[in-house]
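> Listed below are the residues making up each chain.
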Amino acid sequence: MDKGSISDFIRNLQKQYTVVAPVRRRDLILFDELGSSDTPTLEFANSKLPPKGFFFPRSETLFRFSAKSGKMELTPAQTKSKPAVLMGVRPCDARSLVLLDKVFMTEKYTDTPYSRKRANTTVVGMACTDPRTTCFCGSVGGDPFDASGIDLLMTDVGHGYFMEALTQKGEKLLPHAPKTRSPTREELQKQGWIKSKARAAVERELPVEQAETNLENIYEDDFWDRVAAKCLGCGVCTYLCPTCHCFDITDDILDSNGVRVRSWDSCVYPLFTLQASGHNPRKSGKERMRQRVMHKFNYTVKNNDAAFCVGCGRCVQDCPVNLDIREVIKAVASQRRAALQPKEAPT
Amino acid sequence: MTGAADHTGEPVATAAWEPKIVAFLCNWCSYAGADLAGTSRIQYLPNIRVIRVPCSGRVDPLFIVKALQIGADGVLVAGCHPGDCHYISGNLLARRRFALLKRLLEYVGVEEGRVNFAWVSASEGGKFSDVVGEVVARVKALGPARRLIARTSKPEESS
Amino acid sequence: MIIQDKIREAVRSLLREKRVDLVIAHEMGTLPLRATPCFATEPGDAERIVWDPSCSVNLAAFLQNRKGKVGLVAKSCEARAALVMAAEHQFPRENLVILSAPCQGVVDVKKVQRRFGGREILAAKIEGDKIIFKGKDFQESLPLTQFLCDSCLECRHPNPVLNPSRDVLVEEGSPVAPTQADAAKIIELEKKTPDERWSYFVDQFKDCIGCNACREVCPICYCNECFADQTAPRWVGKSGDASDVLVFHLVRTLHMAGRCVDCGACSRACPMNIDVRMLTKKMEKDARELFAADPGMKEGEAEALATFSEKDPQEFIM
Amino acid sequence: MKNPYIPDLATIGRIITENEAEDIKTFELSLNGSELAYTPGQFAMLSVFGVGECPIGIASSPTQLDTLQFTVKKAGVVTAALHECEEGATIGVRGPYGNGWPIRDLENRNVVMIGGGFAFTTLRSLAQYVLHSSNRDRYRDITIIYGARSPGELIYKRDLEAWSQRGDVALTVTVDKGDSGWNGREGYVPTITREVAPSAEDATALVCGPPIMIKFTIPVLRELGFSPQDILLSLEMRMKCGIGKCGRCNVGHMYVCLDGPVFSVAQLEELPKEY
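Residue numbers (the working numbering), protein chains in the order written: chain A, 1 to 347; chain B, 1 to 159; chain C, 1 to 318; chain D, 1 to 275.
By construction, these hints were calculated from the structure, which means they are not laboratory data.
Some hints here could point you the wrong way.
[As the list claims (entries may be wrong)] Incomplete in silico selection of chain C near chain A, CB under 8 angstroms: (1) Gly29; (2) Arg34; (3) Asn159; (4) Leu162; (5) Asn212; (6) Asp229; (7) Gly237; (8) Gly240; (9) Pro271.
By construction, the Cβ of each residue, glycine as well, lies at the ideal position given by its N, Cα and C atoms.
The task is simple: from the sequences and hints, build the whole structure.
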């Protein structure tokens, strides 16, 4: 498809779908619902916030309650019935949705606020042709052209987009794309070249598997004191993370009406695990940092068969103190021997 | 994506509209002043909802911001005149806080006149009535509160 | 000797003489123009310490409840923040040795990103008053001041005020005038109508994701339990209602009154590029205008709102 | 599909104040039209609308068909709000959650229940279950050791009285310190456990109580010959969802809400001590 046709594509889609795509706002690239004359920003490294917020928003109403003449009534939050197209999703972020599915849609309990939106949405991926230096999808099982979680994959080949339908859902979108044609041999070559260049650009050497094993051995090590020392517990890493999914459930009231709200929370906050008795199983930064790393790179491997990190690099870029997860992984992986040796001087 | 609420709606003043004013009154002076107004049969406007506090120094700026958020059209804080504080200097500490709060609220666009402060002694029943009248007039001129208002209980479409 | 070397030398001797157990400073980070906190315990660790405009974390945030003797390699604003904390009993002042020097200001990475759009900076080198940026297929040398934080451009105290009997000043500063008029953006905004100002803040804060970075990086925001986290009553709702977001930021700003040292860390930390300083700087400016507050400039001084004067303005009170 | 976060409505029936300090109350609930099929040891999320939700162990037994009981100690905001509720009030219930006590595995075994203070609730559910006429013959000897700080702090006094009348349960009630009216045993639960010395043969011990009691009871049980597999504990963690999503109640890779709250000491030895 020609780049010039993107507007028409979106207008066509909007007849049937709500279209959510990256837009530029106050120097930020953010996913937002497109209006009837909006065009998305499709030339970008990646969005500031991952698209998980579309399925698992920063806060969402689970239900409303009201006490009418002494009688309590609950009204479930309404979900939009119009299907949605989520466009411009990078493969790392699309993979994160597959990971989140493993948490939110288990055999025993389906998180319907999440699963309804998932079922109702077609994900249009945008292959990553120019990864950033902070990208390391290749080290955590991803790839700049990875197809997982994507229904229709677009690749920017300069003058136009390659459109590959990867699922039935994705196929349904193709008829909406105007003026598509089969690629020429040169274009195919170019795509291959772009692909290999992108693949070469992402970090693939992070010892994630070694780290996963070592994490078991260093649980009690003062290594964690050293790693946690510079963490200020701000939560940026978890809020920007495409796979972090911890949440809080709270009530908001005004008069006799109220809502029960599910909102993002973070394992790096001290109050996260604080019990009413005052007991806190993860009382200091050390335990909380350990929890975050263990959860991402060890527990989820045990429970969900995959490290919960897609290598998008958001936490690397936006950590206010430059606590770089790549460095933590490397340090964990190289810890085994150190952990068995006499303890170093504490910091 | 989360559909931030639009808070720039115009005031909807109807003929029947009467402003709701939350009045934080210091127990020792202003509350007694209000009482005196009552016992002296000095009338004051019924728009105020009184919250008795031990001292104007007890009024956390948070209370004022919250009052505006959850339904007050205006706020009045009244305490003892300087030098009269039951706790010696609570009102003087409060004076600093209120000066900054007032500036900050007006800076972000909460109209001047929504938040008001007064010194009213226990013997100033007349002044109390005048102050309430003045505050009500100010807030009436501004119309219903339209900024900083919580929309929690209003129906919304889920994203 | 450049300042960085003098600092390293001072840190080395502090640790060697065991005057402190630990020195908190910056060292090279993993990204261009982003130094990272460094905790030096051995004299040899001093070699890692960096002192330049990439040191943008307010390290005073690491002082709260710290036990033992600690050295803090601090820019003037960090030193002031430390003194505010000490005056508020967050740690004993006698445990703290401040090491400091005149400050050039720190880089606002967001200004860099804005200047280069989506292009990634692979390396950046600060040379004198210039930064040399290198990207995939470009190289540019641009004036440092173009990328300094607003708080640095407006800084009134780039030269630290230290206690000579406790602290180490590795180099005397000469008087420097701020590059940018004080509170420039705030004054500009103040001239607008209330409606315009309201729209400005609604627009700024509508992207707040409530991550608390502004609060956590702030050394002065140290409450164990923030009012925003309290549950009985719950002051700040979590429904994402725009009013709750503003209540949080307004009240946080009020809590900063007379205590904020205008280091700009809150604005730098915001991942959503919200200029939090548009509130905190306003508060800093007003507290100075009304009550001559200049927090952290005098050892042990009570915050402006913990005291009063008979002559405080009260024309706004009926 | 039903939204798992929407509770069912329930009406509070009888409220029983359990202790002298009046900070432990048992609430009898009747569900408005729904059912809660649970086993002893499971918990549910209770809602006070406008305040929030919290996990509470189910104190009644599924054998009592007409009763659903929760015993709640006033601790945080939600439990405090529950304590403010009066009979007839509407609250929310969702559940049951968690694995519960292994009632099948306990069959044909000797069951030793050791409880302390308020944390006796789900053991009481189990006791009522195993002592019920339809179940009793599937379990062998039943020993209950229950202690509280003072006589006034003993909860479920009617059950204790009823059990003491039965010949088929060895009940020992103790208090840390008695008062003038007390002529029962005095002493801490671990000490009394050593004195009672239940046999470890073909036995499983189930322990619920304050952390300090658990800490000292486990070694006693080990001395008596109980293996780590045969000592079961019920953990408490802060929870929000109850269904393994919200990320806060994990101990290592296990979720207390899904894999627990009942764990054997052997399982816990494999897990980080982060609870």
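> All hints, please: hold or fail.
Verification of the hints:
no.: 1; hint: Gly29; result: 4 angstroms, holds
no.: 2; hint: Arg34; result: 5 angstroms, holds
no.: 3; hint: Asn159; result: 26 angstroms, violated
no.: 4; hint: Leu162; result: 24 angstroms, violated
no.: 5; hint: Asn212; result: 5 angstroms, holds
no.: 6; hint: Asp229; result: 6 angstroms, holds
no.: 7; hint: Gly237; result: 4 angstroms, holds
no.: 8; hint: Gly240; result: 4 angstroms, holds
no.: 9; hint: Pro271; result: 4 angstroms, holds
Hint compliance for this structure: hints 3, 4 are not met, and every other hint is.
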